[in-house]
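Protein chains in written order, with my numbering: chain P, 1 to 429; chain Z, 1001 to 1282; chain Y, 2001 to 2303.
These are calculated hints, taken from the structure and not from any lab test.
Since we're looking at a predicted model, the values are computed, not measured.
Glycine residues also receive a C-beta, built at the ideal position from the N, C-alpha and C atoms.
You can trust all of the hints, since none of them are fake.
Label-pair restraints from in silico Cβ distances: (1) Leu2066/Y / Thr1059/Z: 50 to 56 Å; (2) Ile2194/Y / Thr1059/Z: 53 to 59 Å; (3) Ser355/P / Asp2152/Y: 52 to 58 Å; (4) Ala159/P / Ile2151/Y: 26 to 32 Å; (5) Ile2144/Y / Arg1014/Z: 28 to 34 Å; (6) Gly2109/Y / Asn1112/Z: 38 to 44 Å; (7) Gly405/P / Ile1261/Z: 44 to 50 Å; (8) Pro245/P / Gly2149/Y: 23 to 29 Å; (9) His2153/Y / Gln411/P: 29 to 35 Å.
Single-letter residue listing:
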Amino acid sequence: MSTRMSRRTLLQGTTAAGAVASLPRFMTGPAFADTAKLSVFSPLPPDPAPPGAAKFSEDAFAQWKAAKGAEVEYEMLAWPQLHDRMATAFASGSAPWDIVYMCGWVPELQSNIIPYADALPKALVDDLPQSSFSTVTVDGKRYGAVFTLSLLTLFYNKAMLDQAGFKAPPKDWDELKRCAKELTHDGNYGFVLNYGDPAGIGGTASYWMTYLQQAGGKMYGEDGLPVFKGDAGVDALQLMVDLMPFTDPGSISYAGINDATNVLLAGRAGMMMNWPFMWNAGSDPKQSKIVGNLASAILPAGPAGSASIDGTDAWTITKSSKNPDKARELVEFYLDAEVQKRQVLDTGWLPIRLSVLADPEVQAKAPNAAVVLEQAKHPYDSFVTADYNEVTVAVGTEVQKALQGQKTAAQAIADAQDQVTAIVKRRKS
Amino acid sequence: MSFARRQHGGPLLRGLVVLGLVVFVVWSAGPVVWLIVSSLLEQQALISQPPDVSPSAFTLDNFVQVIAAAAALGKGILNSLMVALFSTAVSLALGAPAAYALARLPVPRANNIAFLILATQMLPGIAIAIPLFIAISKLGLIDSVFSLGFVYLSFNLPIVVWILRGFFLGIPVGIERAAAVDGAGVFATFWHIVLPISIPPLAAAAVFAFVEAWNEFFFALILTRQSAQTVPLVIAQFAGQYQTVFGQMMAAAVISVAPVIVLAIVFRNQIVRGFADGMTKG
Amino acid sequence: MTVTAATFEQRRRRVGLLFVLPALLVLAAVLGYPIVDSIMLALQRVTLTGGAIQQSWVGFDNFQRLFADATFQRAALNTAYFSAMEVVLVVLISLGVAVLLNHPMGRFGVFRILLIVPWAIAPVANAVLWKWILHANYGVLNGILKGLGLIDHYHVWLGTPVSALNFLLLVDVWKSVPFVALLILAGLQRVPSILYRAAYMDGAGPVQSFLHVTLPTIRSVIAIAVVLQTIWSLRVFDIVFVLTRGGPADATALLNFLAYRVTFNFLDLGYGSAIANVIFAITMLLAILYVWLLWPRPAGAKR
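Work the whole structure out from these sequences, hints included.
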């Protein structure tokens, strides 16, 4: 329901932004010389977007603009194309924006943005999960603020689990494998995931990184060189391989998470890892055949416990911004407690502020908020580096080879480590 | 058996032609039919196994959603129309004379020039995207329908030149010679003799230029921001990071393909008819 | 008289140059700088720092890297297969379609409109359409084939290397046939019917008159189709991007997809340009070869 709402909103938003852009010169010229103009590059809803781009907190936004004497212009683009346009603009040295949405791209584009988040008010920072800064921190400086808590958790079909005799979702890897096996029969599968695209957050490599942390491993050592070639890395991949017979065989061909989500929502797969926003689609009878049966839980624990990865939807401020202070104030407005509450109530994107996440009204509207909050108590590192795309292509491709049986898990992990070492060394040379 | 009858062929040949046409229709229309069916179904019907196409599953909801978005789609269609018409008109206006000259007039090194023009198409757009963006943003022409249309000339013009040159090369020399004997100048020959008998290839070239400009995605993505956004970018909005509203995307695609189909219907006779007869009579 | 002829030729030549020049100027204005810059980028190591490109000359390092890059070699092999098959299939199918639509029974406007539709659908939507058609779990292709009893279980069409690459090929052929068929159809229409009549008088059957009348007349059109389709098939990108992202395990990575990934995802502009320039060089060599082999020469003209 709310997805459909926001779909409509996005198009209205687009028009509104277009109308602002086409105002006659004299209306935006000298008469308002002291107003700051801020340009924000944002994803289009239903991906996470700020007030004015998505339909929430619009009155508060208008008041903020009036009080601060600021004009805000949104440039919005469908999420999958954001990085291309951004990279082109930064590469040519002419990025026209003040505030830019980023998703794990902070280390890669770090030299184009400023570490403004160090100057955010303490009261605000104290209300944010500290781990949420890990993907936006480079050399100890904070370049961004994550504005929605988006962690991978386990989504499952309660009815299918009930039928197979599982009263609760799997708590650890063994239960996960057993449960997946029991659920696989008559064209239904225990598990489904998108293993088609090796790269990026939500790609094959990032799923393996989730299991890697659950196995107690990490990607890089202190010197920045990869250290994942060990038992944890191999165990993580072996788990994925062991799950394959009970995983929808199409998974290896699903290039986007949407391809896998639909299998779960059609009721033909029992479990998958997914992002909190998926709750909306799963509860919409137009999109989902398992309304009422969708449930979520924290990810099953590996040898080192549960762990996840972070979707890292963050606001950053560009180096070329002429009004960096005003831009920071706008981000503070986006992170305002009331705005954050409307964000989840009206668009379905969870807030990042711990106080809002704990709000009973929020938890009632987003039943999975408590699960995500619980998941946030466990580690969630996305291992984002300047080479993230290249590293995840290399690792993800090796993981795919293991999943297809072309290589053993140990061999794939060893080869992946060699490739990642070469990538890191080339950057440093 | 008369010659006219022979053109239809014997029963065997006619059977083969009918079979071929059936295969052709299934091959061309099959996926298109599914496109249209998808635009009329809810997502939950599309993810059923097999897809649920019972009459009760059909709905106009996707079109309602997309038309509620008409402001963005309408603007996109308008922008695409301007870009496509501009780039089609200019590439024909510049391409047809160039093709004629390279085919028929004593331009030095005509073959080399023609090959050079083709060679501009051999570097993938991905490689020239960033330098092109730098150049255009220095000129302050990012997000302009005009600069996008101009950039589209870079792939439309060479193709138009090559399509037309091939056809001009095939025109019997006698026709032009007769015109020259009648005292017609080069320009008059081109305008009054060559162009009128070249309607089908001109139409083919125009259709090519229009469709390519109408549907181009990559340059539109990097060279526009908000106000010059074209149809393909609007269609792409229906595929987000976490979900694709497939029915709505297909509904947008149906709407966006409509103008092209209308053009094709209007010009269907120009697209391939009447060349050979006109020429032999002339 | 010779003087008049000379001035006549000169005038034709002047008009000819006048006709060619605007097109050349427009192309130079749009593409001149980007093409030169792309070639230069291929000789540099490029990093993005401080909101600008930092460049340093590295000679042919980027090209040397290609030789050690297994992914590049895989992509080159994939591309060789893909392009060769695509050119052959597209030209043959288009020829067949054009002959059908040129037959008196195929000359209805509705066929010609139907011909254009697959190509007129925006590629962004077309690729997503095929992704849904081919989906391993709820795709309609599986549904239809199972319904007809042609398969007994759902297949993962994009799941194994050979199958995935061939399905990408199928989708791209489907999209590419319309224009080439249109081109050949326009070529067929210019074959004077008097030639067929003459062939008929000489007692030629339909196959003979196709081989001896039709094909020679449309030879130049076929040559253009082969050259253009070669160029396009070497730069296929969107279908790979939407359907498979080059997977599984780089089985469907084509050179242009690789150039995109390296340039826009890895932001390794120098290496990306090097890959693009390899595509450029391969296309150029093939085009020269085709033009030399296929281009009909006017009688008496020098090669």
